[in-house]
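J.: This is what each chain is made of:
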Amino acid sequence: MNDRFEIPARLRNTGMMLLGVGVLTLICGIAILLMGHDSSDTDKSRFWAVLLHNSVFFTFITGVSIFVQAAVNLAQGAWLTAYRRVPEAIGANAWIFGVITAIVTCAIIFGFRDSTGHNPIYPWVTPGTDKILLGKKAFLNPGMFIGFTVATVALWGFFGNKFRSLSIAQESAPHNDTKIYWKVFRLSGLFLIVYGLSQMSTIPWLWVMSVQAHWYSTLFSWYNFASAFVSGMSLILLWVVYLKNQGNLGLVTKEHMHDLAKFMFAFTVFWTYLWFAQYMLIWYANIPDETVYFKMRQQGPYSVVFYANFIINFVMPFIILMSRPSKRNYFTVTFIAMLIIFGHWLDFYQMIMPGAVGEHWHINWYEIGTFMGFAGLMILLVSKTLTKSSLVPNNHLMLKETVVHIA
Amino acid sequence: MAIKKFAVAAYDDEAVLFPAVSKVRHSGYKLHDIYTPFAVHGLDVAMGHKDTDLHIAGFIYGMCGTSTAVGFISWIYCSDWLQNYGGKPHFALPAWIPVTFELTVLFAAVGMVLTFCYLNQIMPGVKKHVFHPRQSDDMFVVALELNDHVSEQEVIKFLQSTGAKETSIQKAEASWWYGRWDKKEEYEALNA
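As they're listed, the protein sequences go chains V and S.
Position 122 of the first sequence, counting from 1, maps to 122 under our numbering, and the rest follow consecutively.
Position 179 of the second sequence, counting from 1, maps to 179 under our numbering, and the rest follow consecutively.
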């Protein structure tokens, strides 16, 4: 069995090319901002908001891999074990995207003001005499923001790498030794608390929701988590399919793919549930403070993105993944996984952009180039990590169970 | 609903049962059903059962629930009893989604439970012939359906060769019936 992964030249070139496009896009963006005489405040906002959007998106979808491992370890599930090196490799790199997000957000908070001296992306940085923003100052202030960001990135980095190193240590442990297993089990419980206090509550409030600091929604973080989870599962699935196409992961069968596809299907519905719960309550109560969020998105300039978001993230995966044969077909699941990742990228786009650039939105070379850059970085980092250990979790206690697993 | 002739074999070991089922299927005898005290994993595959279309039935029931909910609510609020709720349009679809969702789930769930009961011939008050009293205790009971051209001795000999602990030939109602165990006397007369 081919249990070592060597980065094929094609993957390395693709990753390098995507990263190169991203760096080029960034340089062009900076150059246009610096040299263009007519670069307005919106152009500057767009420059920062797109960086924020992509770094947040990639941090969230890679962080999901740590959460999936923790949840499966706690539930003592065996279905993940056949390809557990993949979420381990993705999760061990989540902190790098976290660091990028921390740098981008700090740059926005401390280094970005528009011509009137305000911060258009995080308006709470410069509250002025705004009573609502001053009232939220106890939570929405740079100290709080940086504290939660640093703690989250550090803890995700610690747990992501710890899960991976313990899982690799199991390979050289005595046969059927349960010591590491229970250690990982306890750490998984701890990580769920960390994750609940970061991804499922504070971090989306600070990183994403505070772009429209006047508006709030109590389930916003939960909705962000659902969005991240479904695209994070799709990311794992894409890597598993890719590795299988390279002749690795011989233990992974259609049964394991079926499980991943079930998660994509189920959490597509879960995402829609939260999306709709947020929408319907605001629509029904019809309070101007709250409807301001949907005014611009549904009826304003973003209505195309708003409805595309619903169709790509709910209608298409729901209909296509509903039947059992389509969940077990490599082509459909790969197609839907790409669609979901694009759809939730769009979802985060419409969460951040209306507050940052108002009605002047574009999805153009800059947005797509930045996305390509982050995707290239992710490909290079994850494939590098995958080469460092055996792809088969030899000696793992669940190995036998995962081989005979039936979805 | 017909009285048919069955060859019945009782096994006391799962490890004997699976090769026996395979031999029965290869022999060409018609396998009626297998009765076990508990769910035996993989037995459905060994018997050659395909996946049922229960989930497609569930989808259709769900669609019935969706259309019932949307149709009924929209008839009330858009045609039969027009009212103004908080300035919302009469066709206030977002407000109906929760009810539509619940009715979809309810129709799909209840419909699938009833279909499942029908497919498995279980329902309150429904009776089926018991081939062997220990099929709900500690024996795995295989029933083969026979026609008039089959030699009873040969079947019994074949079943014993597969490791059956007990064998018998029974004439019994093949399907289910609703009511009391009033076929008991009939069977005793048949099998006498």
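Bear in mind the hints are in silico, worked out from the structure with no lab data behind them.
A few of these clues could be false.
[To be verified] With a Cα cut of at most 30 Å, we get these calculated DSS-like pairs of lysine-lysine:
#, chain 1, residue 1, chain 2, residue 2
1, V, Lys137, V, Lys162
2, S, Lys50, S, Lys5
3, V, Lys295, V, Lys136
4, S, Lys4, S, Lys157
5, V, Lys388, V, Lys400
6, V, Lys295, S, Lys88
7, S, Lys50, V, Lys254
8, V, Lys400, S, Lys128
9, S, Lys50, V, Lys244
10, S, Lys157, S, Lys128
11, V, Lys384, V, Lys254
12, S, Lys5, S, Lys23
13, V, Lys262, S, Lys50
14, S, Lys128, S, Lys88
15, S, Lys4, S, Lys88
Note that the coordinates shown come from a computational prediction; the quantities given were computed from them, not determined experimentally.
J.: Could you run down the list of hints and mark each one as holding or not?
T.: Cross-check of the supplied hints:
1. Lys137(V) to Lys162(V): Cα-Cα ~36 Å, so violated.
2. Lys50(S) to Lys5(S): holds (25 Å)
3. Lys295(V) to Lys136(V): Holds: Lys295(V) and Lys136(V) sit about 23 Å apart, inside 30 Å.
4. Lys4(S) to Lys157(S): Between Lys4(S) and Lys157(S) the Cα gap is close to 20 Å, so the pair holds against 30 Å.
5. Lys388(V) to Lys400(V): Roughly 23 Å between the alpha carbons, so the hint for Lys388(V) and Lys400(V) holds.
6. Lys295(V) to Lys88(S): The hint holds at about 16 Å.
7. Lys50(S) to Lys254(V): Satisfied, since the Cα-Cα distance of roughly 18 Å is no more than 30 Å.
8. Lys400(V) to Lys128(S): violated (40 Å)
9. Lys50(S) to Lys244(V): holds (28 Å)
10. Lys157(S) to Lys128(S): Roughly 27 Å between the alpha carbons, so the hint for Lys157(S) and Lys128(S) holds.
11. Lys384(V) to Lys254(V): OK: Lys384(V) and Lys254(V) at ~26 Å, within 30 Å.
12. Lys5(S) to Lys23(S): holds (20 Å)
13. Lys262(V) to Lys50(S): Answer holds: Lys262(V) to Lys50(S) is near 21 Å, not above 30 Å.
14. Lys128(S) to Lys88(S): At roughly 56 Å apart (the allowed maximum being 30 Å), Lys88(S) and Lys128(S) break the hint.
15. Lys4(S) to Lys88(S): The given pair, whose Cα atoms are some 65 Å apart, is violated under the 30 Å limit.
Checked against the numbered hints above, the structure breaks hints 1, 8, 14, 15 and satisfies the rest.
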